Amino acid sequence: MTDAARQSFLTASARAWRTLVRDRFALAGGLGVLFFVTLAVLAPLVAPYNPNFQHAQGLSAVGAPRAPGAEFVAGTDLLGRDLLSRVIFGTRVSLAVGVISSVIALGVALLIGLTAGYFPGPARTGLLWIINAVLSFPSLLLMLALVSVLPRGIWVVVFVLSVFAWAYPARVVYGEVLSVTKREFIDAARAMGASSGRVLFQHVLPQLVPLIVVYFTLRVPATILQEASLSFLGLGVQPPTASWGSIIYEGARAYRSAPWIFVIPGAIIAGAVVSFNLLGDGLRDAFDPTSSVRRRGGP
Amino acid sequence: MIARLVGILLLLWVVSTVTFLLMFAVPQDPGAAIAGPQATPQVTENIRKLLGLDQPLYVQYGRYLWRLLHGDLGRSYVFGRPVSELIASHLGPSFQLALACIIAEAGIGLPVGILSAARQGTRFDRVAMMATLITLGLPHFWIGLFLLYVVGARLGWLPIGGYGDFRHLILPALAVGVAYAGWYARVIRSTLLDILARDYVHTARSKGLRERSVLVRHALRNALIPVVTMWGLDFANFASGLVVIEAVFGWPGIGAQMVEAVLRFDVPLAMGTVLVGALIVGVVNLALDLVYPLLDPRLRQAD
Numbered sequence: 001m002t003d004a005a006r007q008s009f010l011t012a013s014a015r016a017w018r019t020l021v022r023d024r025f026a027l028a029g030g031l032g033v034l035f036f037v038t039l040a041v042l043a044p045l046v047a048p049y050n051p052n053f054q055h056a057q058g059l060s061a062v063g064a065p066r067a068p069g070a071e072f073v074a075g076t077d078l079l080g081r082d083l084l085s086r087v088i089f090g091t092r093v094s095l096a097v098g099v100i101s102s103v104i105a106l107g108v109a110l111l112i113g114l115t116a117g118y119f120p121g122p123a124r125t126g127l128l129w130i131i132n133a134v135l136s137f138p139s140l141l142l143m144l145a146l147v148s149v150l151p152r153g154i155w156v157v158v159f160v161l162s163v164f165a166w167a168y169p170a171r172v173v174y175g176e177v178l179s180v181t182k183r184e185f186i187d188a189a190r191a192m193g194a195s196s197g198r199v200l201f202q203h204v205l206p207q208l209v210p211l212i213v214v215y216f217t218l219r220v221p222a223t224i225l226q227e228a229s230l231s232f233l234g235l236g237v238q239p240p241t242a243s244w245g246s247i248i249y250e251g252a253r254a255y256r257s258a259p260w261i262f263v264i265p266g267a268i269i270a271g272a273v274v275s276f277n278l279l280g281d282g283l284r285d286a287f288d289p290t291s292s293v294r295r296r297g298g299p
Numbered sequence: 300m301i302a303r304l305v306g307i308l309l310l311l312w313v314v315s316t317v318t319f320l321l322m323f324a325v326p327q328d329p330g331a332a333i334a335g336p337q338a339t340p341q342v343t344e345n346i347r348k349l350l351g352l353d354q355p356l357y358v359q360y361g362r363y364l365w366r367l368l369h370g371d372l373g374r375s376y377v378f379g380r381p382v383s384e385l386i387a388s389h390l391g392p393s394f395q396l397a398l399a400c401i402i403a404e405a406g407i408g409l410p411v412g413i414l415s416a417a418r419q420g421t422r423f424d425r426v427a428m429m430a431t432l433i434t435l436g437l438p439h440f441w442i443g444l445f446l447l448y449v450v451g452a453r454l455g456w457l458p459i460g461g462y463g464d465f466r467h468l469i470l471p472a473l474a475v476g477v478a479y480a481g482w483y484a485r486v487i488r489s490t491l492l493d494i495l496a497r498d499y500v501h502t503a504r505s506k507g508l509r510e511r512s513v514l515v516r517h518a519l520r521n522a523l524i525p526v527v528t529m530w531g532l533d534f535a536n537f538a539s540g541l542v543v544i545e546a547v548f549g550w551p552g553i554g555a556q557m558v559e560a561v562l563r564f565d566v567p568l569a570m571g572t573v574l575v576g577a578l579i580v581g582v583v584n585l586a587l588d589l590v591y592p593l594l595d596p597r598l599r600q601a602d
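Heads up: the protein sequence lines correspond to chains A and B, in order. Position 223 of the first sequence, counted from 1, bears residue number 223 in the numbering used here, the numbering being contiguous throughout. Position 89 of the second sequence, counted from 1, bears residue number 388 in the numbering used here, the numbering being contiguous throughout.
It is worth saying that the hints were derived from the structure and are not from the lab. Any given hint might turn out to be false.
[Said to hold, decoys possible] Covered stretches of chain A (chain B as the covering partner; in silico rule of three or more C-beta atoms under 8 Å from a C-beta of chain B):
(1) 49–55
(2) 136–145
(3) 248–258
(4) 274–286
On a predicted model such as this, the values are computed, not experimentally measured, just so you know. Where a beta carbon is used, it is the ideal one built from N, C-alpha and C, also for glycine.
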């Protein structure tokens, strides 16, 4: 980036930051995200018990799980394990799956979107064809078909959740690259003899940063919900590992006698998804001063 | 139009090939799966021959495509009946549920969104938008479980799942409706606010029309266009299998059938459900393209 470009980028970032911290919904979302990330990182320190330990006193005399109380704050699950500890450790799994598959999907999207946007000709035609084909796939059906033939586990979940998710952001990146490359400073860089690689990484890529940040923040909660669905079908994270979705899956069998097992992780999912969405919406508004629809009428 | 039809056929071909290859990669041998654990190797071998599983991959693939062109989706390994027949018996419940779900989501979402736009900035608007934010953050199957627990088990007002009369439809449709109504509320609200700032709305107002008339006759009719797209896409997705909700409520739709086929390694049935699902999505999208120009005269001139 030239000094002038860097200066204007920094000014834009500073303005975005000021808008963001003044937006109380975005601020609340950011604090929520911070809370869940801290919880995931510090899980062993915060959780009262080992999440997989089956407490003898965790089940009643007839083998029923304990309701929330003094000893087990959030109650126990069907195997007498401490629900709070499982939810806290599940935060690690659910967040990791959400973040890692979003990073993979966006990485692929950047690579393909940049290539298709910057290099016209057969490469662009071919890539756009692939993007549109993947977008028209019934992705949930194919995700299930994929899960059914692969061994079950966290990495398969990560793979399945990213394998179709790159197509939409790739098209968005493609469109953005097209519009950025029409601007004068790109012509100027080319006229000064910059190579394709230099133009792409020094001049085009920085312009995509806001788009990527916003899309990432909004992609993570969507992935968290998808992981929960897969785990709920028994096709996601496998026991004894806890994720928010797998806890609901295990609790669903006893939804009448022990409702706290499914209610608590569901509420936690909602808290995390809402936090990420608030932060993402706030970031979008902050980066784009023209989109003020949300601020006019609350969240 | 013809390009769209070719597109759908191409998509179906790609999907059928992908599912064929995926199912072929299943580590478990379907011959052994059908024969059961007590079968002698000879019996298993005979079953494999009968199904053509001893043939090379490309022969099996060729035969599969050839039968597909004749509307033959093969025979289920588990049920021993034609796949087309099995799927057909689940299509009815799937379409019923999909219809109930899109009615529920629009029935909840649109009134909320329209009121929010009409009373923009008021307390109602803020509370409604906050509520959509929260419901959009909840997994739809969780809402289903919650409704089952409260309305089905505790209050005992409605049956706790299964297939039957109208009452069995209410809870699953409500679960999906509550989960996705937020999108409808938000889209109709922001589209309406957008339209209310346009010139023809100013014109309508300056003619002295009442606010209600401006909102309903001039703004709402145009604001419904993006909603119709969402409706169509949702209907296609729901009809091609509301996998998780059908699992929660024990609803015998094509989604539940697919999960069962996948878990039991019933290769032809699983491929059939995915293909039929893809077909439903394609056909509904095509129908949407046809309906659009009828709704929006601006699109008619483009042709």
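Subject >> Cβ contact check, 8 Å cutoff: the segment 49–55 of chain A against chain B, three residues minimum >> reply: It is violated, with 0 qualifying residues against the three required.
Original post:
Are three or more residues of the segment 248–258 of chain A within 8 Å, CB to CB, of chain B?
Top reply: Contact hint for the segment 248–258 of chain A vs chain B: holds, 4 residues under 8 Å.
**OP:** Examine the segment 136–145 of chain A: at least three residues should have C-beta closer than 8 Å to a C-beta of chain B.
**Re:** Our answer is that it holds, as 8 residues pass the Cβ test (under 8 Å) against chain B, meeting three.
**OP:** Tell me if chain B covers the segment 274–286 of chain A under the three-residue, 8 Å CB rule, please?
**Re:** holds (count 3)
The earlier numbered hint that this structure contradicts is number 1, and it is the only one.
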